[in-house]
Structures are given as C-alpha cells and as structure tokens.
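> Sequence:
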Amino acid sequence: ESLRNGDVVNEDRLNELPEDLLVHILSFLPTKSVVATSVLSKRWRHVWKMVQNLKFDSENHHTFTEDVYRLLMLHKATFIETFHLDIKNRDAALDVGILVGIAFARHVRNLVLDLDYHFYYDDAYTSIVKFPSVYCIYDNNTLETLKLKNSLLLDFPYRVCLNSLRKLHLHCVHFETQGSVGNLLSGCPCLEDLVVQQNNRFYQSEKAFTIAVPSLQRLTIEEDDYRGDDGGYVINAPSLKYLNIKGLYGIEFCLIEKAPELVEAKVSKVSDINNENIMVSLTSAKRLSLNLSHLEIKYPGDRIFHQLVYLELHTDKCKWWNLLSFMLDGSPKLQILKLINVRKHIGRKWKKPKCVPDCLLFRLETLEWTRYEWERRDEKEVATYILRNTRRLKKATFSTKAIEPEKLKKLEKRREMLDELASVGRASNSCDFVFETL
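If you count by our numbering, then the sequence shown holds residues 1 to 438, one letter each, in order.
Quick caveat, the hints were computed from the structure, so don't treat them as lab data. Since the structure is predicted, the reported quantities are computational estimates derived from the model, not experimental observations. Each hint should be verified, as a subset may be incorrect.
Unchecked claim - The list that follows gives simulated cross-link-like pairs (lysine-lysine, DSSO-like), each with its CA atoms no further than 30 Å apart:
{"no.": "1", "residue 1": "Lys147", "residue 2": "Lys241"}
{"no.": "2", "residue 1": "Lys351", "residue 2": "Lys269"}
{"no.": "3", "residue 1": "Lys354", "residue 2": "Lys286"}
{"no.": "4", "residue 1": "Lys269", "residue 2": "Lys167"}
{"no.": "5", "residue 1": "Lys266", "residue 2": "Lys351"}
{"no.": "6", "residue 1": "Lys266", "residue 2": "Lys354"}
{"no.": "7", "residue 1": "Lys269", "residue 2": "Lys147"}
{"no.": "8", "residue 1": "Lys55", "residue 2": "Lys76"}
{"no.": "9", "residue 1": "Lys246", "residue 2": "Lys130"}
To be verified - Across the chosen pairs, the derived CB separations fall in these ranges:
{"no.": "10", "residue 1": "Lys32", "residue 2": "Pro238", "range": "43 to 51 Å"}
{"no.": "11", "residue 1": "Val112", "residue 2": "Ala36", "range": "17 to 25 Å"}
{"no.": "12", "residue 1": "Thr366", "residue 2": "Ile25", "range": "41 to 49 Å"}
{"no.": "13", "residue 1": "Glu375", "residue 2": "Cys190", "range": "50 to 58 Å"}
The C-beta atom is built at its ideal place from N, Cα and C for all residues, glycine as well.
Given these sequences and hints, build the entire structure.
Quick look at the structure:
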C-alpha cells in the first residue's frame, strides 16, 4: 500500500510540472511513445500535440501514411522543429510528398527523409520516389537542415529559395535532370555544411558535380563504388574551412578551384583519378590527413604549406617516402607528425631530403608511428633520420604488431631495435619514448 501511495505522489508531482517542461521532456522520446502518453490522464490527452520533434518509421506500411497524416492533423504546435520519416518499403513511400507538404506548411526547421528499402536496379527508375521539389522554389525562411537519403529522385528545374538552410546532406540520392545540382545549391545562400555521399550503381545526370557555394564552411564528399567514367567534382567554396574527401575511385577529376580559408582537410582512399589536382588546393590548411593510395600526386610546385602544424600520412602508396619528404620540406611550422602503416610491404627505398627540413630543426614536437615495421630497413632509416635531426622533439610513440610470447628471439630482437631508436633520439634531444603493441 505504501508503494502505491508513493506512485500516486510521484504521478501528482509529474502532473504539477508546467506544460512547457512536459513538452520539452517528451521531445526526447520516440513519437510513438509520446502519443501513447495521451491515455495517462485527462491532462495528458493533449500535451503530445505540442511536441515539436516528430519521427515516424514505417513499421506497419499498410497504414503508415494514414497514421502519420492523422497525427499531423491533430498536431497543434505552431511549428515543427524536426520532422523525420524513416521508410523501409516502397508502398509506404508513395505518399511521402503529401506528408512533406504538411511539414513545410507547419514551418519545419529540420527535415530528414530516409527511404531505405531494397529494389532491383533493373527497376530502379520505377522504384525510387521523387522528392516534392515544388515546396522549395518559393521563399522559405524556416528550413535550416535538410537530409535526404537513399531511394529519392531529385529534380530541381528551377532555382530553389531555401534562404535559411545551413545544413544539407545528400546520401545516395539521384538527380534526374541536368542543372538540378546547381539550382539546388545556388538557392541556399546561408549553406555552411554539405555532405555528398554517392553510390554509382544508378545513373547521375550531372557529369561535373559543381559545388559553388560562397558561404560553405564544411564539405564531405564520399563515394562507395568504382565509377569508371568521365565525371567528377568541381569545388568553388572561398569560405571552406573543413574538407573531407573519401573513396573517389575511377573518376576523371576533382578540382578545388578556391579554398583560401581551409583549416583542416582529410583525403583518403582516392585512386585512379585522371586529372588529379587535389594537393595544390590544400596549401592553406593547418591540419592534413592524407591517404593517397595508387595516385600520381601532382605537387604544388613552389608552393609550401605555411600554416600546417599537424600532418597525418598513410603509407599505402608506392613512393610514399617522396610525399613525406615533400611535406617535411614544405611545412616549416609542422609540430605533429603521424605516420600510419598499411599491412602490405611497399618495397621502395627511402631517399632522404638533400637538406634537413626546417620543421625538424625548429618545430616538430610529436612523432607517432602506427604499425611501425621494425624489421624493414626503409622504415628504420626514416625513423632514424627524423629522430636524429629533430631538435625539439618532446614525445615519440611507436606502435608495433604483437609477437607471440613463445618467439623469444624475435621479441628480443624487437626490443634491441626499439632501444636503438630511443638512443638515437636521446642523443639529439631529451624526449619521452613510448613503445606500444597493437
């Protein structure tokens, strides 16, 4: 009986909370659970109608559209903060345009559409759903985030007017007509964050995916399939600060025309680009992560990385030593150097720079080498060169692959090799050495 009395007291306390606070608490729950609170008491009957975050998934695709439509008609909030549709079958996606139209009419601020259902690519055109672009061509001052994912077909024959849009994510969507990309991006004057993720198992209308956005600050481009065609990307973003390029295989070009404000860039798993010119546009960056496998690098000529303080370099490219030497020579302010090995043996000989780079003499403070191959002569020569010529090094970390305990001779040989490295480093500077096992 005392427990029941306690439950009553707790329920009374909950009912005494202001409605604004109850609505705020409910905004963190799944919409299905939020609506279920309407049966708790007479007061709770209408509280859910003011919740501004709405997420629906197509558990029962036979009544999905009707269920969402009915709830939207009962919804009373002056605007929708987040409207998220997660649809896993095509039948439930057929009327997505109606639901999106209601969300736009309710001044939605964050819109997420994820149509993640399987279809055969022979029937791709009839299986994907067309995004209702008509809601974007009139002045819209409320939408701030738009995330479109998977089986959506985008057609923007006219310039959109998304005046407040700051974040746009395009995950594996498809563009129907030439010019749709330009009409979409040019109509977002406040866009700051753009993600373009493509898989090329279905057609794209644009040969050159041109990203010309003066306000853009963050850009991610990722592909997950070999394209093997004559398309590519052109980037013109004078305000760009953060760039992430990943998985570009077999495209013709990736041109970065303007990015003078670039602070950080990550370029990984990029190969077989005919007219590659990425490095030339990264010279203003302060932080770089480069994994340029099987790519013929076009070096920036006499340009140097005046601002670079952090460099992460993956070593899965033939002649990667040349890229390392170039980056050391051209980065006079470099303070942190991280080298990450791959598992296969490259088999190329290290050629040390003709002159000791300024960054080793005056700036470098931290060296980290992941998967250091202590048995390879070339890697030992690189490590020895850096340790011997770095005067201000404070910490050097080498991580190596684990060795089975019963292989005592190999364990002893590795210990001797690492001790030798430490002695080289301590002879030229007083730094901490850390040896780790992966």
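> All hints, please: hold or fail.
Hints versus structure:
Taking the CA atoms of lysine 147 and lysine 241, the gap is about 21 Å. The hint holds against a cut of 30 Å. Taking the CA atoms of lysine 351 and lysine 269, the gap is near 25 Å; set against the 30 Å cutoff, the hint holds. Taking the CA atoms of lysine 354 and lysine 286, the gap is about 25 Å. The hint holds against a cut of 30 Å. About 25 Å separates the Cα atoms of lysine 269 and lysine 167, which keeps this hinted pair within 30 Å; it holds.
The suggested pairing of lysine 266 with lysine 351 holds, with an alpha-carbon distance near 26 Å, which does not exceed 30 Å. Proposed proximity of lysine 266 and lysine 354 is supported: the alpha carbons are some 28 Å apart, at most 30 Å. At most 30 Å may separate the alpha-carbon atoms for a hinted pair to count; lysine 269 and lysine 147 meet this at roughly 25 Å. Note on lysine 55 and lysine 76: the hinted pairing holds, with a Cα-Cα distance of about 16 Å set against a maximum of 30 Å.
As the CA atoms of lysine 246 and lysine 130 are separated by approximately 27 Å, the hinted pair is consistent with the 30 Å bound. Against the hinted window of 43 to 51 Å, the Cβ-Cβ separation of lysine 32 and proline 238 comes to about 45 Å, which satisfies the hint. For valine 112 and alanine 36, the Cβ-Cβ distance of about 22 Å falls inside the hinted range of 17 to 25 Å, so the restraint holds. Judged by the Cβ atoms, the range 41 to 49 Å given for threonine 366 and isoleucine 25 holds: they are separated by roughly 45 Å.
Between glutamate 375 and cysteine 190 the Cβ separation comes to about 55 Å, which falls inside the hinted range of 50 to 58 Å.
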